[in-house]
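2 protein chains.
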Amino acid sequence: MTQTNRQILLVEKPTGKLLPQNFKMAEAAIPEPKDGEVLVRVRYISLDAANRAWMHGATYRAAVEANTVMAGGGVAEVVSSNAPGFAPGDLVFGDTGWQEYAAVKAKTLVKVPHMEPMTHLLSVYGIAGLTAYFGLLEVGKPKSGDTVVVSAAAGSVGSIVGQIAKIKGCRVVGIAGGKDKCNWLVSELGFDAAVDYKSEPVFKALKAAAPNGIDVYFDNVGGDILEACLPQMNNGGRIACCGAVSQYDGAPSATGPRGVPGLIVVKRLIMQGFIVMDYYDQRQKAMADLQSWVKAGKLKVQEDIINGLENTPQALIGLLAGENRGKRMVKV
Amino acid sequence: MTQTNRQILLVEKPTGKLLPQNFKMAEAAIPEPKDGEVLVRVRYISLDAANRAWMHGATYRAAVEANTVMAGGGVAEVVSSNAPGFAPGDLVFGDTGWQEYAAVKAKTLVKVPHMEPMTHLLSVYGIAGLTAYFGLLEVGKPKSGDTVVVSAAAGSVGSIVGQIAKIKGCRVVGIAGGKDKCNWLVSELGFDAAVDYKSEPVFKALKAAAPNGIDVYFDNVGGDILEACLPQMNNGGRIACCGAVSQYDGAPSATGPRGVPGLIVVKRLIMQGFIVMDYYDQRQKAMADLQSWVKAGKLKVQEDIINGLENTPQALIGLLAGENRGKRMVKV
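For the record, the sequence lines run as chains L and C.
Quick note: the first sequence, position 249, residue 249 per UniProt numbering, numbers continuous.
Quick note: the second sequence, position 307, residue 307 per UniProt numbering, numbers continuous.
Zero decoy hints are in this set.
Selected chain L positions facing chain C (Cβ under 10 Å, derived; list incomplete):
#1 SER253
#2 ARG258
#3 LEU263
#4 GLY273
Derived by calculation from the structure, the hints in this document are not laboratory data.
Built from N, CA and C at the ideal position, the CB exists for glycine as well.
Isolated chain L (complex conformation) (with noise of 0.2 Å):
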């Protein structure tokens, strides 16, 4: 065990695209848990875009401040501990941030079972494929035979999404970018059809791959994209709002998409935003749920794995560029 503990620090925020050079390595001491903490070696982070949004500040945590250790979620194991409920060798999930060891007060975090592979724990069984879950079944609320369309399709989240649409009888769209992205999606995923936004018009290419109209659709991305979509909701349709990865890297956007409020005046659509921890009461039939698809061979898990804490800076800036399948997260 080294005696060092290696992080990443985030020097600056951005005002603009994220850059290696907003980050920068440090070593500080291993931490001491004080009372009601728990010391954790941290194995895998995950990597999301709202990593990236956590750096404008307005959203459900607290900003991340410039010269501390970034900010994010990952799976650790319990080195020593000074809490109740936590002994050496437990796993737990919590906001360790990028470094190689953390004290974090134990209530905030969550024990996890051993599983095999680990990682799944940040995929599937993790807030990835429970934010996929509920935000499809509880917001988007898809009923069997509807058009459920879901952008950033090939990402953590969204290839989760448009497999439980599978399960649950619907036609599922997804939006992606890039020919292999979408070839993937049909035809390893089992997507009706897929969108490529970075070769194809997204407006017209919808039409033809949901002729029928969207009854659902599952938003990761805001922008233009929610706004091609909105004039081809179906009366009564159903937008769940999950992120708005267009918007995170960069100033705010000043103008949101066009259609507000009108097309949701005459179309009656709900748009519903949603956080993943507002649903941790059904966790169990969730997890049950993901558990029973992923053992049928009904639901795949595509992990995206980059080796070293080092790495984790490019490998989000990567994230926002749109360069991973799947659940992307670094080994520590």
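Starting from the structure of chain L, add chain C where the hints point.
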């Protein structure tokens, strides 16, 4: 009884602001009701911001066309009937258009009771009152103690929304144009506060008037005022999208409100459009509630009645400019 039917035609669809020259008076023969039709004499024509939206098309009804009688709802008396269930002397509500007589398909007409004053059939017991009732209670779903904000608050729908919200124990803030309207909302209708969007910066004035944030925003206007409300919504807040009058009288806006979908996600908002017809199965309960509140003096009915069919175009132009207080209609 005159032998001619005076009518107002829409001679061209406006591209910018609606103007008197977009209309002209005409005369036609009184029509004969065909099989399944009813000949009615129009008594009162309802003026609504939606009339202007119909000229754009892409609403919940067919676009109004140039060189036809301008569409519009009205209360009318049956003159002769060629359809079962309707007899001379019956009172009906339907899309009679801007004219003295109309032959209307019976299945599009709703029979309404004779009452004094008859104008209440277009205000509190008409679409305005029902829109306020269902939009607030079924879409906005306010709880006692909630802060409810309503825009176009001195209008036909807004003035009723605010009063129902008070009846339900909410803190009510109205947004309206002009000091007179704002004073009237507070002193006559019992609103807790009012924001004059013509003389105050809306974001700041709202912050002062709704210091605990907004739980329910009943949106009649869209645009900048929706944008000002979004960041002040409380987590889990609900936006009832009733109309977007700020967007109707001119070319459709090329952008939407900033904060969509970002703030919808992080605040877990529900933004929901509705059309009053979707709730007609619950109409009896709504009518009973509205009548009991009017009788008890808890719900004041404000009407703005203009005389003469020939003044209908100017009445609509004035309504779009925010001239009216309460329900505007034309006595034919």
